[in-house]
Structure formats: structure tokens, C-alpha cells
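Enquirer: Chains W and E, in that order, give the protein sequences.
Using our numbering, the letters of the first sequence map in sequence onto residues 22 to 348.
Using our numbering, the letters of the second sequence map in sequence onto residues 22 to 348.
Don't take each hint at face value.
Copies of the same chain are indistinguishable here, so a pair counts whether it falls within one copy or spans any two.
What the hints assert, rightly or not - List time: in silico EDC-like cross-link candidates among lysine to aspartate or glutamate, alpha-carbon distance up to 20 Å:
hint : residue 1 : residue 2
1    : Lys273    : Asp301
2    : Lys273    : Asp299
3    : Lys233    : Asp64
4    : Lys246    : Asp33
5    : Lys55     : Asp241
6    : Lys332    : Glu212
7    : Lys280    : Glu212
8    : Lys332    : Asp242
9    : Lys284    : Glu330
10   : Lys61     : Glu206
Think of the hints as simulated: they come from the structure by calculation, not from any bench.
Protein chains: 2
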Amino acid sequence: MKDLKKSMTMKDVAHLAGVGLGTVSRVVNGYNVKESTLKKVQDAIEELNYQPDEYARGLKTNRSNTIAIILPTIWHPFFSEFAYHVEKNLSKKNYKLFICNVESDASTEIEYIEMLKNNKVDGIIGITYSDIDNYISSNLPFVSIDRHFSEKVPYVTSDNFAGGQLAAQELIKRGCKNLAYIGGENIYRNETDFRKDGFFQVAEERGCSLSKLILPEPIDDLEVKIKNFLIENPSIDGIFAVNDFMALRIMKIMGELSKVAPKDYQIIGFDGLKTAVDQDYLLSSIKQPTDLLAKEAVKSLLDLINGLEPKSRQVLPVEFVEGGTTR
Amino acid sequence: MKDLKKSMTMKDVAHLAGVGLGTVSRVVNGYNVKESTLKKVQDAIEELNYQPDEYARGLKTNRSNTIAIILPTIWHPFFSEFAYHVEKNLSKKNYKLFICNVESDASTEIEYIEMLKNNKVDGIIGITYSDIDNYISSNLPFVSIDRHFSEKVPYVTSDNFAGGQLAAQELIKRGCKNLAYIGGENIYRNETDFRKDGFFQVAEERGCSLSKLILPEPIDDLEVKIKNFLIENPSIDGIFAVNDFMALRIMKIMGELSKVAPKDYQIIGFDGLKTAVDQDYLLSSIKQPTDLLAKEAVKSLLDLINGLEPKSRQVLPVEFVEGGTTR
Numbered sequence: 022m023k024d025l026k027k028s029m030t031m032k033d034v035a036h037l038a039g040v041g042l043g044t045v046s047r048v049v050n051g052y053n054v055k056e057s058t059l060k061k062v063q064d065a066i067e068e069l070n071y072q073p074d075e076y077a078r079g080l081k082t083n084r085s086n087t088i089a090i091i092l093p094t095i096w097h098p099f100f101s102e103f104a105y106h107v108e109k110n111l112s113k114k115n116y117k118l119f120i121c122n123v124e125s126d127a128s129t130e131i132e133y134i135e136m137l138k139n140n141k142v143d144g145i146i147g148i149t150y151s152d153i154d155n156y157i158s159s160n161l162p163f164v165s166i167d168r169h170f171s172e173k174v175p176y177v178t179s180d181n182f183a184g185g186q187l188a189a190q191e192l193i194k195r196g197c198k199n200l201a202y203i204g205g206e207n208i209y210r211n212e213t214d215f216r217k218d219g220f221f222q223v224a225e226e227r228g229c230s231l232s233k234l235i236l237p238e239p240i241d242d243l244e245v246k247i248k249n250f251l252i253e254n255p256s257i258d259g260i261f262a263v264n265d266f267m268a269l270r271i272m273k274i275m276g277e278l279s280k281v282a283p284k285d286y287q288i289i290g291f292d293g294l295k296t297a298v299d300q301d302y303l304l305s306s307i308k309q310p311t312d313l314l315a316k317e318a319v320k321s322l323l324d325l326i327n328g329l330e331p332k333s334r335q336v337l338p339v340e341f342v343e344g345g346t347t348r
Numbered sequence: 022m023k024d025l026k027k028s029m030t031m032k033d034v035a036h037l038a039g040v041g042l043g044t045v046s047r048v049v050n051g052y053n054v055k056e057s058t059l060k061k062v063q064d065a066i067e068e069l070n071y072q073p074d075e076y077a078r079g080l081k082t083n084r085s086n087t088i089a090i091i092l093p094t095i096w097h098p099f100f101s102e103f104a105y106h107v108e109k110n111l112s113k114k115n116y117k118l119f120i121c122n123v124e125s126d127a128s129t130e131i132e133y134i135e136m137l138k139n140n141k142v143d144g145i146i147g148i149t150y151s152d153i154d155n156y157i158s159s160n161l162p163f164v165s166i167d168r169h170f171s172e173k174v175p176y177v178t179s180d181n182f183a184g185g186q187l188a189a190q191e192l193i194k195r196g197c198k199n200l201a202y203i204g205g206e207n208i209y210r211n212e213t214d215f216r217k218d219g220f221f222q223v224a225e226e227r228g229c230s231l232s233k234l235i236l237p238e239p240i241d242d243l244e245v246k247i248k249n250f251l252i253e254n255p256s257i258d259g260i261f262a263v264n265d266f267m268a269l270r271i272m273k274i275m276g277e278l279s280k281v282a283p284k285d286y287q288i289i290g291f292d293g294l295k296t297a298v299d300q301d302y303l304l305s306s307i308k309q310p311t312d313l314l315a316k317e318a319v320k321s322l323l324d325l326i327n328g329l330e331p332k333s334r335q336v337l338p339v340e341f342v343e344g345g346t347t348r
């Protein structure tokens, strides 16, 4: 004899209540719905004796309870910090995390997207600069960090524009008069481009002298180009670098020119890198809210998996952190 | 009708050939066996028309093609570098990698070991200092890094003793006369303890003055203890720290005492940390062969999964790397 209790699905509940699957999912997962709708769904659940268990909730019944994270490389403090927080958030929800270093090999990403289509993973969080638009434009549970694919792919990012503004404000507040920006530029426009936009806006508004070194990626002879730029602009006293690793390289070259921060110039990076949870910041920086980025990415992804509509774009606040390269 | 070709297992081959499963596995995976045995197995394979495919090889037929890595935390450059290499090696063999931060919560580790027993993962690589001996003493595919559990658990480690010797030799070669060792000590003796043993041996052999600060873990007031030790021993000119992060802390405290490396003293850490693949070493250090540790750990684990016997202990060579804190 068929076990009715076990065979009842969310679909049966939706059918009986005359509502969509998403609505049932909202009720089951404790989200707000109209009171009249709530009653219809609750009645149907009771009539059918439908019992969602922790693992079988949502639209998809064939769950693996695994998520994949696609990263350029785990061997980088920003990505390992992010993965650390993603795993912590997922672990609370009983999900396991696959890790995938792509290192600019898009075939690995596509392989994971295939796993997603075959229900071998339930969702993907991707930090990727590859040309995979065609693969993720469908309705798969995919959340992007820092890059906008299409309206269907929710993405989570730091407030890069405000970060650039903040960098300029902090340098000016600390007495810098001759500002400079140094960073690369990818052919795919992404969120990090807003950093320089915010920096330029404040620098111009405040009437500072402003030098720019914007290098198209991939960058050849990076250190030579930075060195020439610094030699040609000897009066620079406040630098904003597109990220912390770029800032560290600039500091190395400044050292070759016998200039030391924060005595001879001040410099602010972006990311707020530490090498580990209990370590100091590598340098003064605009800190990305890595823990919050991870939390919101996980939340959006679980919403997608459960048939809910997460916000399509979330921009999270950044802050300035003192790391010894500003006065 | 039953499809004979498909239903034939390695067990059937072993039975017909009158050999053990491990022997059939060795033949199937191309390892050396006695010529007379090889013939018996090949005959049985032919007679049964047994066809091992890439995914169904080995003793276990219920493969998930996933491996889990258990780490204290992925947010630490040594562990993220190691995980990076493990994923690269596994990816070549078509395995996916689960990542698990344990952060001294042994229940997470035990959960993964349960997954292993239930064939949800095929094997585990563990860097763990928890009390999980009772859980992994069985015949599960588990490879340990840096810690010896029992004869049944193969482990892979760096040559910590030689690393300690090397640190002493390099400091002495560079003119240090008054050596010091600073490190913690865990209640579970592990491979890292050999670092100080090697260091002490060379220091004593060469008749150097030697100061020791050995702190039982967990360590309270670490920086106060280090500072007092350095004040009490002002003639120290060569320090070996148990790892790079400890060395960075010592350097910070030396800075408070107005001493800068390598001008006023020299210091060597252990691990050879970089913050990312294309970055410089954080300081002069004894570098662990992280890529090789990962490669051998993966190899041993896949051997175990395929019913072969890997070496029970592998000790891999270390090297000295210049990172600006030695002359």
C-alpha cells in the first residue's frame, strides 16, 4: 500500500490550495504571504498531511545538499576568507561545500554548471571573470559576486563607488594634496571599476591634483610601468590602489625609490586583507564586508533553491581600516 | 535476462582467479604483480569478460567521486595553499573536493567520517588535532597530514627534524652566535615537535648559546611572554620560530624594543608562507613542500580507495627560502 504521508509533495499542496509552488514554499519556509493565501495553504497541508522535512523542502525534491563555490583560486586571502565564511554559513544549514579553483579555465566552471543541471549540486556561488554567460542565463540557482550577468542572476557586491570616495576622503583628511590612482582594467566591465569612479569624483570635487595609471589587463611589465609613473609624478603624496596586492607592489617600488609609507607618502588599498583570522591588516585599506557578502550570497542562493525570489542586486557597505600605511 | 558483462565485479574475478581483491585491483590499475599471478587474473578477466571502467574501478563500487578535506580553517595561507594543490591534483583524476573548516569542533569531522562510511564521500584528507582516533581507526580511506594516528592511517609530513637543523645551520652560517627557539607545544605530540629537536641538536653540536621559550597550548598572554623572554635575553641574535605567524609576532614585539631584522637580529620561520601564488615570502623560512605534500596525500588516498597499500609514513624534504629577515 502506498504511504500517502510520504508521497505527498509540495506540488500536491499547491494544486489543492490553488496557488503556485513558490507560494507553498514561502509558507513552508516561514516567509510572509497574504493571510487568506496562508490559510488556503495551511488547510491543504493539513488535509494532505503534508510534512516537509529539513532536507526535502522546496521545489526540487532531488536534493544533494551540496553547494559549489567557483573561485579564481582558493590560494588568495580574499577568496579563502570568503570561502571560509560561505562554508560557515552553509554548515549551519546542513549544506556541504565543493570548492573549485578555475584559474581562468572556464571548462571547469561549465562542468559544475552541468552538475547543477543534473542535480548533483543544488546551487553555485561564483566569483568568475570567464565568458560563461550563455551557460548560466537559464533559471539555475546561481549567485554571482562582483559581476552582473543578467537580470536572472542575482549578485552581491561591495559598495565599490563609496569605497573609492572613502579612500579619497581619508587621504585628503590626512593631509594629502597630490592624489594618484593605480589599477588595472578588465575588458569585461565589472563592479571594481566603480572604485576609481568614486575616487575621481571626490578628488575633483575637492580640487586635488590627480594622476591616473590605468592599465589594461592582462598587464605586462607592471612594475616597470608603475615605476615610470611614480618617477614622472614625484609630488604624489596620496595613493589609492585598486586592491591590496596592487598596493603592496606599489610600496615595494616606492621602497626602491627610497620612499617609505606613511612617512614619505600615504597609501590605501582595497579589500582589507589579513592573512588569517587573528592577523593584522596588511595595510590601510577599504575593507570589503567579506562575512556579510558570504552571508547574503548564501541567503540568496538558498532562496533561489527554495523557489523564492532574492533581491537581484545587493550592495553592501565598506569601511576604512587603519593598517599602518596612513598617518 | 541478466547482462553478464555488466554484473561482473572485481570480486568475481578474484574468486575465479583464486587471489585477493587487492591483487585484482593492482592488476586493473597497472601495478606490478608476480607474473604467474598476473596470468591467473588476466585469464579470469577474459573468461568473465570483466570490464572495469574509469569510475567503477577498485574495491568499492559505490563511488561518489568526491573527497573531503578537513582543515582547521581555510582562512590561513598554509591551509589554503595546501587545499589549492589538493584540488588541482584531484581535478586531474575527476574527483571533486569538499572543504570542511573544523575550527576545533570535532563533531564536524565525525560527520564527514560518517559520510565516508555511508559512501557519500570516497575518502578524507585530514589536518586535524582533535581527538578523533576512535573514529578513524577502522579501515576507511583516510590520509593524515602531520599527525600519526595508528599504523592503519597513512600519513604524509614534511621533514621537520631536518628543517630545524637547517634553520640552525643557516643562522650560524650568517654569523649568529646566540640562538633562540620560540614555539608552542600541544598536548598531543605531533610532527612539528621535531622542528625544535633538530634545531637544538645542531645548536648544541656547534657549541652555540641557546635560549628556549616553549609555551604549552593554548597560550595565554603570548606577546607578554615573548616580550619578557626577549628582554631577559638581550644578546639573542638568531631566532628560529616554530612557524611563520609566530615569527611575525616576534618581529612585531622586537619592533617595540626598537630592533629590526635583519639589521639587529635574524629570524627564520617555518612554512614558507606567501599570501598568494604570485607573492613574495613573508619572511625567511623553512619552506614546506606544500605542492608535494598535496600530491602524495592525494596519491596515497586514491591508492587506499583502490584497495592498494600506500606507504604508511612519508616524510618530504624541506628547503630554506630567503625572505628578507636574514642577512
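Enquirer: Look at each hint and say if it fits the structure.
Expert: Hint check:
1. For the homomeric pair Lys273 and Asp301, the shortest alpha-carbon distances inside one copy (19 Å) and between copies (11 Å) are both at most 20 Å.
2. With identical chains, the CA atoms of Lys273 and Asp299 are at most 20 Å apart between copies only, with a shortest distance of 14 Å across copies and 25 Å within one.
3. Proximity of Lys233 and Asp64 under a CA criterion of 20 Å is satisfied in neither setting, with 65 Å inside one chain copy and 73 Å between copies.
4. For the identical chains of this complex, Lys246 and Asp33 are neighbours neither inside a copy (65 Å) nor across copies (66 Å), given an alpha-carbon limit of 20 Å.
5. With identical chains, the CA atoms of Lys55 and Asp241 are never at most 20 Å apart, being 58 Å at best within one copy and 55 Å at best between copies.
6. Taking the closest pair of Cα atoms, Lys332 and Glu212 come within 20 Å of each other only inside a single copy of the chain (17 Å); across copies the shortest separation is 49 Å, beyond that limit.
7. Taking identical chains as interchangeable, the C-alpha atoms of Lys280 and Glu212 are never at most 20 Å apart, the minima being 32 Å within one chain and 43 Å between chains.
8. In the homo-oligomer, the alpha carbons of Lys332 and Asp242 never lie at most 20 Å apart, since the shortest distance is 41 Å inside one protomer and 45 Å across protomers.
9. Taking the closest pair of Cα atoms, Lys284 and Glu330 never come within 20 Å of each other, the shortest separation being 51 Å inside a single copy and 60 Å across copies.
10. In this homomeric assembly, Lys61 and Glu206 never come within 20 Å of each other (Cα to Cα): the closest approach is 53 Å inside a single copy and 63 Å across copies.
The structure is inconsistent with the numbered hints 3, 4, 5, 7, 8, 9, 10, although it conforms to all the rest.
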